[in-house]
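Starting from the structure of chain A, add chain B where the hints point.
2 protein chains.
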Amino acid sequence: MSETLERLVGEFAKLPGIGRKTAQRLALYILKSGGDEARSLAAALIDLKEKARPCRECSNITEEELCGVCSDTRRDTTRILVVEEISDLMAVEATREYKGLYHVLMGAISPIDGIGPDDTTAGKLVERVKRGGVEEVILATNPNLRGEATALYITGALKPYKVKVTRIAYGMPMGGALEYADSGTLIKSLEGRREV
Amino acid sequence: MSETLERLVGEFAKLPGIGRKTAQRLALYILKSGGDEARSLAAALIDLKEKARPCRECSNITEEELCGVCSDTRRDTTRILVVEEISDLMAVEATREYKGLYHVLMGAISPIDGIGPDDTTAGKLVERVKRGGVEEVILATNPNLRGEATALYITGALKPYKVKVTRIAYGMPMGGALEYADSGTLIKSLEGRREV
Chain A
1 MSETLERLVG
11 EFAKLPGIGR
21 KTAQRLALYI
31 LKSGGDEARS
41 LAAALIDLKE
51 KARPCRECSN
61 ITEEELCGVC
71 SDTRRDTTRI
81 LVVEEISDLM
91 AVEATREYKG
101 LYHVLMGAIS
111 PIDGIGPDDT
121 TAGKLVERVK
131 RGGVEEVILA
141 TNPNLRGEAT
151 ALYITGALKP
161 YKVKVTRIAY
171 GMPMGGALEY
181 ADSGTLIKSL
191 EGRREV
Chain B
1 MSETLERLVG
11 EFAKLPGIGR
21 KTAQRLALYI
31 LKSGGDEARS
41 LAAALIDLKE
51 KARPCRECSN
61 ITEEELCGVC
71 SDTRRDTTRI
81 LVVEEISDLM
91 AVEATREYKG
101 LYHVLMGAIS
111 PIDGIGPDDT
121 TAGKLVERVK
131 RGGVEEVILA
141 TNPNLRGEAT
151 ALYITGALKP
161 YKVKVTRIAY
171 GMPMGGALEY
181 ADSGTLIKSL
191 EGRREV
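For the record, the sequence lines run as chains A and B. Counting in my numbering, the first sequence tops out at residue 196, every number present. Counting in my numbering, the second sequence tops out at residue 196, every number present.
Treat the hints as calculated values from the structure; they're not laboratory data. Note that the structure is a prediction, hence the values are computed from the model and not measured. Incorrect hints may have been included.
Unchecked claim - The calculated DSSO-like cross-link candidates involving lysine-lysine, where the alpha carbons are at most 30 Å apart (straight line), are:
#1 B:K14 - A:K32
#2 A:K188 - B:K21
#3 A:K51 - B:K21
#4 A:K32 - B:K130
#5 B:K32 - A:K21
#6 B:K188 - A:K21
#7 B:K32 - A:K130
#8 A:K14 - B:K14
#9 B:K51 - A:K21
#10 A:K51 - B:K14
#11 B:K51 - A:K49
#12 B:K51 - A:K51
#13 A:K32 - B:K162
#14 A:K49 - B:K21
#15 A:K14 - B:K21
Same shape as in the complex, but just chain A (with noise of 0.2 Å):
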């Protein structure tokens, strides 16, 4: 394979999830595509390490000192919904149905991992519940050992505060079965169980 072509593969192949027969197909894409294309896509990559930063306020992606949502003067600045990536950010965000604010705390605690507090941003959450005007955090973190216990972590450190924790629901997904749903999801889901 030519340098240049064997170059780009592998370039493509470090990203998660692409393996080596797509990066192959990638790169020959690029090859037949005009320069246009592989010129945009080098510069979206530039711009993004070079623009990008978190937010000053919630650590989402922004150009600015403050992300959209930050900035959005619509939104409801009580309520505070915490995640571990902006990716979770995101898909709440595409539900169109949350109006408050976020955290990103950028991880999750993980003490067999080393992962502390301190390498997440729930010190800054602290911070900005400690400066008022926050009423309720809600804990959206993911439900397994990691999520829970940074949910846990947070807990505690919010606890001097006169603010509502409160967590996401856990149970059964929209139009799952409950015969295919492992004991994990059941037991979560009849926990979780509301009078009707």
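Here is chain B on its own, set in the frame of chain A:
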């Protein structure tokens, strides 16, 4: 979503087989990764478009006048294997069985789509044969309408020259099961039967 992130997602989503969800995952990965990763992918993209070009002889990709195969003095120059795309050449090379030269058509003839012989490098193949020294031209176009039309055209165009024209075998794939084979494959397989 931030503007720079949105742009990179859009660029990734232009690639074949990459949907918006995957594009978003890739862009977020780039965002989290060190700047080197984005820069080296960007550089590889630009480099491929600026340095890679078709081999003067066979149209394989190269950074020089002649590709790695054509400039390799150990190759058997009496045989030319004709393929539609560079990816086909790469698939044959990966077998490490074929020791002759190649000719990449850069497409296939398709009258219904208005793609004629002049939209491929078929003319250059005829010139190569005309120059002499070639004893066999092996047609390895795809087993579909376009590939058949292309093979037929080349066979005709090479008629005036003293060269053997062969076609690779089509039949049951190794490991395939007769009961699941499509009838086109079974017919080709029967037609191509040999005495044992």
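30 Å limit on alpha-carbon distance, applied to hinted pair B:K32 and A:K21: Holds: B:K32 and A:K21 sit about 24 Å apart, inside 30 Å.
- prompt: CA of B:K51 to CA of A:K21, is that 30 Å or under?
  reply: With a Cα-Cα distance of about 23 Å, the restraint between B:K51 and A:K21 holds, given a limit of 30 Å.
task: Assess, step by step, whether the Cα of A:K51 is no farther than 30 Å from the Cα of B:K14, and give holds or violated.
output: 22 Å, holds
30 Å Cα cutoff - pair A:K32, B:K162: Distance of about 34 Å is beyond 30 Å: violated.
query: Are the Cα atoms of A:K188 and B:K21 separated by 30 Å or less?
result: 28 Å, holds
- prompt: Holds or violated: are the alpha carbons of B:K32 and A:K130 at most 30 Å from each other?
  reply: Distance of about 29 Å is within 30 Å: holds.
- prompt: Is it true that the CA of A:K14 sits at most 30 Å from the CA of B:K21?
  reply: 18 Å, holds
Pairwise hint evaluation, A:K49 against B:K51, where the allowed Cα distance is 30 Å at most: With a Cα-Cα distance of about 25 Å, the restraint between B:K51 and A:K49 holds, given a limit of 30 Å.
message: Check the hint pairing B:K188 with A:K21 against an upper bound of 30 Å on the C-alpha distance.
response: Roughly 28 Å separates the two Cα atoms, so the pair holds.
message: So if I understand the rule, the pair passes when the alpha-carbon distance is 30 Å or less; does A:K14 with B:K14 pass?
response: Measuring from Cα to Cα gives roughly 19 Å; hence the hint holds.
A:K32 paired with B:K130 [C-alpha distance capped at 30 Å]: 28 Å, holds
message: With the threshold set at 30 Å, check whether the alpha-carbon distance from B:K51 to A:K51 stays at or below it.
response: 28 Å, holds
Violated hint for the displayed structure: number 13, the only one.
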